[in-house]
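Whenever a hint applies, use it, and build me the whole structure from the sequences.
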Amino acid sequence: MRLDKFLKVSRIIKRRTVANDACAGGKVAVNGKAAKPGAEVKPGDVIEIRFGERLSRYEILSVSEHAAKAEAADMYRALAP
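Residue numbers for the sequence shown, in the numbering used here: 1 to 81.
Because the hints were derived from the structure by calculation, they are not lab data. Please note that a few of the clues may not be correct.
To be verified - Below 35 Å or equal to it, Euclidean Cα-Cα: the simulated DSBU-like pairs (lysine-lysine) are:
1) K27 <-> K5
2) K42 <-> K5
3) K42 <-> K69
4) K27 <-> K42
5) K69 <-> K36
Encoded structure:
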């Protein structure tokens, strides 16, 4: 699945355009490497997102094309920065 779509479906980032801009702006890394919006992600990957001074890290647990709001949080696990 594309990184920008995963961020939107999992509701880590609320809109796909915002996810796309964050990736294109170099604020998102997958497994320690800067990632473009079209980068493929899979379970086990670690995503790092930097917004200002805040760094958030997430491990992907599952990938799904669609997720209800209640199921979205089950797609990832927050890690300590």
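Hints, one by one, checked against the model:
1. K27 <-> K5: holds, 16 Å
2. K42 <-> K5: holds, 12 Å
3. K42 <-> K69: Holds, at roughly 20 Å.
4. K27 <-> K42: Between K27 and K42 the Cα gap is close to 19 Å, so the pair holds against 35 Å.
5. K69 <-> K36: holds, 25 Å
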